[in-house]
Amino acid sequence: MAVMTYREALNMALTEEMERDPNVFLMGEEVGLFNGAYKVSKGMLDRFGPMRVVDTPITELGFAGLGVGAAMLGLRPVIEFMTHNFAILAWDQVFNSAAKLHYMTGGQFTCPIVFRGPTGAALQLSAQHSQALEASYAHFPGIKVVAPATPADAKGLLKAAIRDEDPVAFFEGELLYALKGEVPEDPDFVIPLGVADLKREGRDVSIITHGKMVHTALQAAERLAKDGIEADVLDLRTLRPLDVEAILATVKKTNRAVYVEEGWGFGGIGAQVASIIQEEAFDYLDAPVLRVHQADVPMPYAKQLEKLAKPSVERVVDACNRVLYRRG
Amino acid sequence: MAESTAAAKPKSTSRRGDSGELLEGLSREELHHLLYQMLQGRRFEERSAEAYALGKIGGFCHLYIGQEAVTVGAYSVLRPDDYTISSYREHVQALAKGMSAREVMAELFGRIDGCAKGKGGSMHLYSREHNFLGGWGIVGGQIPLATGAGWAIKYRGTDQVCVCFLGEAAVNQGVFHESLNMAALWKLPVIYVVENNRFGMGTAWERASSLYDISQKAVAYAMPSAVADGMDVLDVRRVVGEAVQRAREEKVPTLIEARCYRFMGHSMSDPVHGVYRTKEEVEEAKQKDPIRIFIDRLKEHGMLTDEELNAIDQRVVEEIQDALDFADASPEPGPEELYKDVYAEESVPGRLFIDRKDRVEA
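For the protein sequence lines, the chains are F and A, in the order given.
Here this note's numbering is used: the first residue of the first sequence is 7, the next is one more, and so on.
Here this note's numbering is used: the first residue of the second sequence is 12, the next is one more, and so on.
Since the hints were made in silico from the structure, they are not lab data.
Hints are not guaranteed to be accurate.
[As the list claims (entries may be wrong)] One-sided and incomplete, this derived list gives chain A residues near chain F with beta-carbon spacing under 7 angstroms:
#1 LEU156
#2 GLU189
#3 TYR287
We put the CB at the ideal spot given by N, CA and C, even for glycine.
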């Protein structure tokens, strides 16, 4: 174990996987000479050279498609989007090519590619730079969706994503890059996709979440604990495949659930999880499943409005109190 | 109307030797093979149209009739280990790459013995065995994939090439610009063959592009370019041959415009002529039928007899009939196929599909 930042953990995962498999290469804007817009790929150009750490023109659709074509021939591209906001330009290749390739070819071709980059709102970056788009990706069969919340999860899940034979969309919290935590240095430390992690154990209410919101949920749980309410905080870690067993287990234990996500609620991850809970654990529920998510508006720039639009610790605490039918 | 003949007669900047000279480089057998491939494509599409009318083929079905010289000429300079990729008008490109008429027709019929087990259909034909990369239904979607194939070839250091076929209408997609820029910037062995069949569905090229001469677009990428007479299989062969040699030896991409003409409607759902072109225009273009032109030239040079022509055509007719019989006899994919092949790695913890239980396991 070593203490390192989330960005260093990602760097370690990339480096280890590129050492392990010569077919893995990293491609994206500013990943090489500039060491990455968020410094995730620091030092990698020197180590691996320009064929394996590739600076691209600003041409998201083009290099995403290039990656898919290279994957069809057996390479394992890691495509870095400077943020997932910009990846929207590449969605045709992500969804129409990568996600459907294996199926449309009757299983002849695989597409082992990772589309990774930061997601979610930082501070006052306004509407086009503040989106959390995991739900849009999870909507498409054929792609796997991962959103790590801690440095250790970032390392273990990125390694699993790179080794996976399917396209994986990997969402890094833009505000998590500097987060420090214990990370196993073992190069074989891989966290399988599809396994949720109970980040805090309680008995009274289940806060289910993913990505950066895990930390919001943990803070809310701390606050609730002061009132004697003990919350389970379940970090899904992977959204497709979805660890339904873990979701049902926590709901059956506490009988109350709140889903917290950074993105919009309409067609969101929380909507899907709530649907599964009511279909498969209806008899265990003592209250409706509630959701905390971004306000149903484009992200505003003004400080006060932005704060109002974002999910917050207060909103999570409030939602937990409501499913517990208690006044906060 | 005048425009249609312009399509068949390129204001070519390329030099074209006389037909005798071009024929000389190829043996009688090789020439007959080109004719066989063109006839195979033609007859396959004619019988596909019949099968579509009978309801055996569903969905969208885009026929290649009139454009056979482009594929056959380009393929004649490729090795089996080279890659090709195309749009949704790709039946003939699949066949000429070595895929059997059986597996292609069965795919069109949506049967389990189709190349994609009936999951892709007319627009999504693929063969890993023959390095045929599809089969793409979004206009221009295949262009960056070809660039990626070129990247992978360079990454591995082999001397393979990738030929990317695209319609002229795809040139206006932004991804065309993105892909060609990267191919030229990084010196990737990709040949982009624009099949200018004059119409993006019902929109004539001059109504869609500010620049008439597609090959000139290569200037923007500092990329070599050329124009080929897409109705002349040997001219396509010559032009693509130069580009392939450049790609193999110097790792330089090329943009080629092959001027041809679509004899059929955009898809089987669309009329052959109507508001966007007249019947007379289509008939005039058919005077330049690439197969008839080639047959005439072969005969003129004593390279083909009527008996040989009949034998080749007979072989093709039988092959396509066999493919139709095969496709008819092949079963439809069963329900167990519905969720298969969505993911290559299915045995993972967690739930990959939210509803598989209801549809299949119940």
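Here's how the hints hold up against the structure:
no.: 1; hint: LEU156; in the structure: holds (4 angstroms)
no.: 2; hint: GLU189; in the structure: holds (3 angstroms)
no.: 3; hint: TYR287; in the structure: violated (27 angstroms)
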